[in-house]
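Undergrad: Residue numbers (this note's numbering), protein chains in the order written: chain E, 139 to 582; chain Y, 139 to 582.
Derived by calculation from the structure, the hints in this document are not laboratory data. Please note: incorrect hints may appear among the correct ones.
For identical chains, the list gives no copy identity; a pair is met inside one copy or between any two copies.
Below, simulated BS3-like cross-link-like pairs (lysine-lysine); rule was C-alpha separation at most 30 Å, straight line [said to hold, decoys possible]:
1. K276 with K289
2. K289 with K277
3. K147 with K289
4. K405 with K240
5. K277 with K161
6. K243 with K434
7. K405 with K187
8. K161 with K354
9. K513 with K434
10. K277 with K251
11. K161 with K276
12. K161 with K251
13. K187 with K203
14. K282 with K147
15. K203 with K545
16. K354 with K405
17. K277 with K187
18. K243 with K413
19. K187 with K240
20. K545 with K413
21. K282 with K161
22. K405 with K545
23. K413 with K147
24. K354 with K147
Number of protein chains: 2
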Amino acid sequence: MEDILQLIKDNRYTDARSLLLQKNEVDVALFLEEIPRERSFVIFRILPKDFAADVFSYMSPEQQKYIVENITDREIQLILDELLIDDKVDFLEEMPANFVKKVLKNTDENTRKLLNQFLSYPQHSAGSIMTIEYVDLKKEMNVKQAISRVKSIGKDKETVDICYVMDSNRRLEGVLPLRRLILSEEDNSVEEIMDRDIIFAHTLEDQEEVATKFTKYDLISMPVVDQENRLVGIITIDDILDIIEEEATEDFQRMAGMEPTEEEYLKTGIFTLSKHRFTWLLVLMVSATFTGNIIKQYQEVLESVVLLAAFIPMLMDTGGNAGSQSSTLIIRGLALGEINTENTFEVMIKEFLVGLTVGVALALVNFLRLYFLEKVGLALSITVCFSLFTTVILSKVVGGILPILAKRINMDPAIMAGPLITTIVDAVALMIYFATAVSLMNIK
Amino acid sequence: MEDILQLIKDNRYTDARSLLLQKNEVDVALFLEEIPRERSFVIFRILPKDFAADVFSYMSPEQQKYIVENITDREIQLILDELLIDDKVDFLEEMPANFVKKVLKNTDENTRKLLNQFLSYPQHSAGSIMTIEYVDLKKEMNVKQAISRVKSIGKDKETVDICYVMDSNRRLEGVLPLRRLILSEEDNSVEEIMDRDIIFAHTLEDQEEVATKFTKYDLISMPVVDQENRLVGIITIDDILDIIEEEATEDFQRMAGMEPTEEEYLKTGIFTLSKHRFTWLLVLMVSATFTGNIIKQYQEVLESVVLLAAFIPMLMDTGGNAGSQSSTLIIRGLALGEINTENTFEVMIKEFLVGLTVGVALALVNFLRLYFLEKVGLALSITVCFSLFTTVILSKVVGGILPILAKRINMDPAIMAGPLITTIVDAVALMIYFATAVSLMNIK
């Protein structure tokens, strides 16, 4: 890539062009993002239109915006014509409304109708991520006719590895891998060799559910049908990979108390980063004052045994950690479809028993350390360890159940993770702690 | 599926069999997991061997183990013969050593050599997840010869959608999608139409790196080469989907302070769950006593102003949350390859500035609430808010940098997440808090 940059600097554009054409489109797109924009713009313009369109589809929205703002309308149209419909929709979704209007005005009527339809599917629905570049066959065709159809219309299609078989009303009847078509006798009918057991999605189905089906059935593409079961598009595995990573990233961000974003960290500004983090920090800071109020309430207890304060961090941290462990496992299990809302009771029992086991072990270790090693008084040692024990059980149960309850009322379980559970557990842990102290240590 | 179960109960096995054969192998495998083992075993045995092998490959290791323990050696061999090499390796990896030995003894020499080689690749390496069922072409072939090779050897191959072109020493020279082969003129040579810009993996490369390449270049399969650049296998996208979800799950578990496991939550026993959680809880509990020791050290300060204790939970929670936000973003960025170790300084500056912004805002809100709403004294209000401000900045910077430093010394960044950072931040936050209190409030 260094060589190419040098060639450009030396105005040897033809040489640069032929070197670039040997590279992968993804790498060319990344290369163009890293060099100064004016230069990348010159390079982009000398690429042949079909290659340029591929490179364009791999660029970041910012880079795409820069390019369309600076090339002529005619050039934009040439590139857009080469883009696959799903890449075109992705691109238009990121552009300002007046630009989209201009583009739609300049496309032929059929494409315009299609683009409008695609742009109207709700975000994150199967319809919004599908493409229409697939090969459709009729079940009455024989293998020879089917192969010749693949040959005649396959060039512009995103995937011909799997063909879709429809009846006369465009209703989906079967799927047929290209490899089976090639390996079959020429006079077999398509109907004889196709798979009837089709895994498909509806246009309005959530992309996360679609991704789960891809993983479950090891698919590389999936047909999308409308309300009348007519084939309207297909979803390909490359988009699913991105969705799986996006959804996991979203959960990571929600679980750490942030508003989720798809923007890359290094490309996000200080203000945006701060904004995404501030709301939850504020909410949690204010709720932590409840915990503070509990301490205030027991101020006199604390005055008589100030040493009680020394064990507050350990109780709070252990409770928080125990709760996070449980909520993380449950949230991930829900996301992967391994746990569902029917398992509420099972999870509760399981977390209670795990809490009991871990709680006894931790309390025991702690008692040995406090009473024998640090020579803390017996009453205080028992108070600390009993509180620890109940806090751990409580954290486990609350951490296990809250995400499932959230799912039940159609909230994102990831919001019920660490931070919120910590706040709840802290408050209850301190109440138990002081109440135990009062009754065990004869305070007041 | 209900009908099938009824048919089995009525001993109408032939009817049950023909119904099952219309289902997807994944669904049949799930169905067999859910019904009583004795019954599932009967059903499994009446399936034709090629279908049974597919179903077998989708079963859980426990179910596979149950089946091989109860069917005859002859039947095991029949099923194993039908399994693709990567599914065979997956299965053998889960079985006890003496069973593997018996299986290897009963396979022909070539397969045995191959299985031994595959079983010897390190876990999580490209070699351990690859398969050898691919179609290889020679670059001197023309399109007609290539298609007839696909037809003659393609039946048993896991993927023929992409063919691999080698020179006479089996060195990989190009890749050729089946669709392009079909769409090309018969007398074109393979060399003319193949792609030379190959994205490939080495046998010992980590599966996470391989997955990143799949996402980056939108691949559906990837060739794997040995040290001499000879093609030894391919990796297919279905395995990569599983790996991406596994790696994310592992990160979720590590970040919540648990030993990672691939076992599903509902299938894991209480003792195993407790064991995975106990170690980190213990480590973090003991480190939290350092925080407690800081409080002990400032016991006299606390005795003179007991109210100081009431703000400890808020300081600790906010610091912990602020740190988790940063570490989560950085760990995820590292996992997706969006951030790398060269960005250490950039991340530090960015987190410092975000900490400054968020810290000022939070401290301000808190000051207004404390001084004007709760009528807390000026000195105490300033002490709390100043500590909050410095704690937030510190948490952000520590949370941002620790994961990158971990990566630098080849540790898993996910270990440096929430729990550990919380413990560090808690200790420092309390030191700042008490030190500020002493100097601002004229204590002692």
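Undergrad: Could you work out which earlier hints the structure fails to respect and list their numbers in ascending sequence?
TA: 3, 6, 12, 14, 15, 18 and 23
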